[in-house]
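Trainee: Under the working numbering, the first residue of the sequence shown carries the number 1336, and numbering increases by one thereafter.
No lab work stands behind these hints, which were simulated from the structure alone. Hints are supplied without guarantee of correctness; some may be wrong.
[To be verified] Result set (DSS-like, lysine-lysine): computed pairs, CA atoms no more than 30 Å apart in a straight line:
{"#": "1", "residue 1": "K1435", "residue 2": "K1421"}
{"#": "2", "residue 1": "K1397", "residue 2": "K1386"}
{"#": "3", "residue 1": "K1407", "residue 2": "K1396"}
{"#": "4", "residue 1": "K1396", "residue 2": "K1377"}
{"#": "5", "residue 1": "K1389", "residue 2": "K1377"}
{"#": "6", "residue 1": "K1435", "residue 2": "K1450"}
{"#": "7", "residue 1": "K1421", "residue 2": "K1407"}
{"#": "8", "residue 1": "K1366", "residue 2": "K1389"}
{"#": "9", "residue 1": "K1396", "residue 2": "K1386"}
{"#": "10", "residue 1": "K1407", "residue 2": "K1397"}
{"#": "11", "residue 1": "K1366", "residue 2": "K1377"}
[Claimed, not checked] What follows is a list of derived Cβ distance ranges for each label pair:
{"#": "12", "residue 1": "T1384", "residue 2": "L1424", "range": "37 to 47 Å"}
{"#": "13", "residue 1": "G1359", "residue 2": "H1385", "range": "54 to 64 Å"}
{"#": "14", "residue 1": "R1383", "residue 2": "A1418", "range": "34 to 44 Å"}
Glycine included, C-beta positions come from ideal geometry on N, C-alpha and C.
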Amino acid sequence: MPTKKKSTRTKRPARRSSKSTGSGATGQLQKLGATIRELRAKLESEMRTHKMNKRLLAEAKKAREQVVTQMKALRDQGRGLAAQLKSTLGDANKREQARKEALAMIAQLRGELGKRTSELKRKSEELARLAEESAGRARDIIVGHSEPAAKASHEEGWPEATEDKGAASQSKSNKEDEPPKNS
């Protein structure tokens, strides 16, 4: 393609006529009016956005305050529950310790009861034996056994069976006058 040559003419500034000067100002005014309308629309849009942001910020602060208040209440409630749980666990430990002590006391009392029961049984057997011996001697005294029986009882350390009834009843009445012995 062929290229065009540039003309070497110099451009002169165009003269403005009085009519063209008025129409240029009007165009400028129209451009300025359009710019003002655009700027006003932007400003109003930014103001609406700013108002919305302000409202959202206020709502967020309000919600944050509510959450903080709820957190404080929950924290206090948690502390109370922790103290209550600690107290309950302490009570449970005290109860368990008291139960162990009671079981130890029961075992000790059972042992002592066993000892006393065996001792009572032994004493009862001894008393039964002594009562049997005493009944035998009394029978011997009353019946007045022969001399060999009296010697046998004397060898055992018992008074002679030849004593008469009066002596036996006398010793019996003396025993009744004496206060009973505590064993």
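Trainee: Each of the hints needs a verdict: does it hold here or not?
Mentor: So, going through the hints one by one against the coordinates:
no.: 1; hint: K1435 x K1421; result: 21 Å, holds
no.: 2; hint: K1397 x K1386; result: 16 Å, holds
no.: 3; hint: K1407 x K1396; result: 16 Å, holds
no.: 4; hint: K1396 x K1377; result: 28 Å, holds
no.: 5; hint: K1389 x K1377; result: 18 Å, holds
no.: 6; hint: K1435 x K1450; result: 23 Å, holds
no.: 7; hint: K1421 x K1407; result: 21 Å, holds
no.: 8; hint: K1366 x K1389; result: 34 Å, violated
no.: 9; hint: K1396 x K1386; result: 15 Å, holds
no.: 10; hint: K1407 x K1397; result: 15 Å, holds
no.: 11; hint: K1366 x K1377; result: 16 Å, holds
no.: 12; hint: T1384 x L1424: 37 to 47 Å; result: 57 Å, violated
no.: 13; hint: G1359 x H1385: 54 to 64 Å; result: 38 Å, violated
no.: 14; hint: R1383 x A1418: 34 to 44 Å; result: 53 Å, violated
Violated hints, listed in ascending order, are 8, 12, 13 and 14; each of the other numbered hints is respected by the structure.
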